[in-house]
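K.L.:
This is what each chain is made of:
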Amino acid sequence: MKDNTNDNKAVSCLPGGLMPAEQWTLPQTSVRRSLKDAIRHALKQLQAGVSQAEEPFESMDELPELSAAQQRRLAPEPDYAHQAEAIACSLKQARSDGSLSREVVCLVAPPFSGMQQALTRFSEPEQPDSIQSSDETWRVIAPPDTLCFDDQEASEWWDRQDLSRPWVIPELADFWLRSLSGLALIRELFRRIANGDSGVGIVGCSSWCWRYWGHYLENAQMSPWTPAPMDADRLGAWFTYLASGNGKSMIVARMTGDGLYVLPLPEADDAENSKSRKKRKYSTFLRDLAATSRGNPGVALAIWQRSLRARPDDDAKLEETDDKTDKQSRAADCWVVPLGRLSLPSMPQSKESVTGFVLHGLLLHNGLDMASLEAVTGVSTYELSLVLSRLKRAELVTCDPLDQRWQVTPIGYPTVRRHLQSWGFPLDQF
Amino acid sequence: MFEDLGVKDAFASITGQALLKAMLVVVIASLITVAVQKVLPRVAEKLGGKPRLYLLASVPLLRLLIIFATIVIVVPILVEPSFENMVAIFGALALALGFAFKDYANSLIAGIVTLYEMPYRPGDWIEVDGQYGEVRAIGTRAAEIVTPDDTVVIIPHNKLWNSLIANGNDGTDNLMCVADFHLEANHDVGRVRELLRDVAFTSPRTKTWQPVLVIVFNKPWGMHYRLKAYPFDPKEQFQFISELTARGSAELARQGVKFVSVPVSVG
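Chains W and E, in that order, give the protein sequences.
Quick note on the numbering used here: the first sequence kicks off at 1 and runs consecutively.
Quick note on the numbering used here: the second sequence kicks off at 1 and runs consecutively.
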């Protein structure tokens with residue numbers, strides 16, 4: 001019984017589970033949607049030199065965006081502890097059915113997939129049994145304060161790490177800098193993994209960083225695993241799971257334009273009320289969202305949060321239901337703005353090579369502070385601050401006030417990736 | 001002679017109205033051609049990457065289509081398109097061009113071959129007779145290239161017949177760049193090769209999915225290293241080579257590997 005509950009939770013918070021990275025495919029969309037996106041992207045590039053660059057976000061819909069409370073209820077951030085459990089279950093299953101036999105498994109995921117946050121939870125004291133490895137707890141290996149090492153120093157640093165008991169690196173991108181002295185740590189780690197003297201471990205890695213190292217170490221065959229891409233059905237199941245909280249409430253989301261249903265999914269609805277299901281017509285929003293976000297859950301969630309609308313008086317109702325007992329089921333109605341009418345961030349007009357270096361550098365390293373960004377791009381601090389402030393105003397990057405690290409925003413990621421592709425920069429495989 | 005060819009008969013039916021009509025078609029076609037040649041390159045500049053190359057390459061093709069369409073429209077307006085008339089007109093044209101504009105006709109024909117064979121397209125980086133630059137436009141008679149020093153060089157298409165044309169990227173955005181390092185002997189060659197490879201891999205301009213190669217030659221004066229890599233944009237090639245050279249030189253100096261220098265004789 002307990003196993004079934006855990007399995008259901010794993011399926012809900014990591015729909016599709018893990019799969020070998022070479023089996024990953026892009027969620028499909030309609031030809032009409034692809035053409036529309038391509039034309040819109042080309043027009044935006046052309047307009048860059050004509051129209052004003054300052055285009056603050058403006059809602060195209062009359063209904064207001066979600067308040068913080070509504071967002072927490074209807075489209076909250078995922079619980080990464082559950083995701084960690086789901087990852088551990090998937091790995092255990094892959095090991096038991098023989099599809100995974102390596103001692104060190106590499107988990108590659110596009111940015112904002114939540115892989116890093118989930119892997120960080122592996123070392124928490126109150127772990128479920130599914131995460132523990134042979135009665136031993138996982139140990140998270142944190143990156144050193146400085147990343148500039150020569151080969152000898154890198155070897156000594158790894159010697160100091162305890163690799164004899166299960167270890168986990170939540171994000172490999174934190175262990176290197178794209179500079180001559182910043183490569184040694186990862187080079188040494190891969191050498192040890194290839195030699196088989198690194199024990200049992202999990203290496204989480206951003207897809208951009210992985211792609212780079214795949215090119216750098218062309219003979220390394222690590223056979224990475226990755227979360228399954230979020231197609232329309234998986235997105236629907238995941239959004240429902242996130243909104244359900246205790247699993248007893250049901251979210252009903254309909255398009256603002258034509259009233260077509262987005263959630264609940266037809267299958268879920270089937271169980272609820274088969275008569276009303278026959279009358280309902282469903283929108284292609286989730287399919288379009290899956291394609292726009294390239295199956296990336298973090299990006300899809302950011303766009304989903306922005307596209308949701310609710311009436312102002314729903315806020316009070318939601319607060320009331322918050323106070324009620326968990327046993328009481330409830331239904332939360334919300335509206336969804338079509339993707340075509342949603343104002344997503346666009347690239348400001350600027351010198352494309354410098355902007356490209358900055359954005360590509362941020363994605364390769366999963367975020368960087370100003371000094372490191374200067375080291376990897378070769379762009380002066382003065383110019384960097386100008387470029388970053390423009391990108392920040394355009395909602396494409398954000399700066400963490402705690403550690404002063406700059407990062408690409410999930411909502412801006414599709415635009416950033418598309419522009420880097422247009423400019424000829426190396427991309428990730430997802 | 002023109003009477004013998006039947007040209008006089010062919011043009012006998014031309015009326016003033018037909019002439020005006022034909023001129024109107026030619027003017028419209030010329031305007032469209034000019035618009036295509038001016039607007040598309042500007043649009044292409046804004047797009048960048050592969051769309052830029054495709055759009056630039058479509059300019060001469062569109063021009064050829066416009067010219068062809070204009071001839072197809074204009075000839076029936078002026079003359080009755082019978083077999084005799086066609087033979088007469090094109091025979092006369094061939095004679096006139098052959099005698100009066102031999103070299104010009106040579107370039108025109110080479111221009112048509114250029115559009116078909118595409119030894120170079122707008123956006124390509126080519127070298128012809130020692131002149132290196134980016135093809136900016138392909139005209140009827142000649143191609144225009146812009147050198148890295150921002151000088152426009154006109155290259156007649158008839159160079160196609162008897163000159164070697166080197167094309168750096170051949171219609172793609174992959175252009176290999178080479179940074180040369182001339183070093184004194186007696187150093188760890190393997191270490192230097194690794195180091196130079198890292199120099200290319202740590203450049204933000206490098207296309208990492210393309211090969212990065214370090215070739216070394218043993219010369220009487222020392223070792224000659226050639227670091228080969230692809231920049232993300234062909235237009236970045238000079239910045240890219242400069243960056244590889246500067247960073248490579250700094251790191252080699254830090255490692256204690258010395259460069260060779262040739263004594264310069266004055267006078």
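I should point out that these hints are in silico values taken from the structure, not numbers from a laboratory.
Check before you lean on any hint, since a few could be wrong.
[To be verified] Here are some of the chain W residues that sit facing chain E, going by a computed Cβ distance under 8 Å:
hint, residue
1, R178
2, H215
3, N219
[Claimed, not checked] DSS-like, lysine-lysine: derived pairs with alpha carbons at most 27 Å apart:
hint, chain 1, residue 1, chain 2, residue 2
4, E, K38, E, K159
5, E, K46, W, K44
6, E, K258, E, K159
7, E, K258, W, K392
8, E, K38, W, K44
9, W, K36, E, K21
10, W, K281, W, K36
11, E, K46, E, K21
12, W, K392, W, K44
13, E, K235, E, K46
14, E, K38, E, K228
15, W, K44, E, K235
16, E, K258, E, K235
Glycine included, C-beta positions come from ideal geometry on N, C-alpha and C.
K.L.:
List, from low to high, the hint numbers that the structure doesn't satisfy.
P.N.:
3, 6, 7, 9, 11, 14 and 16
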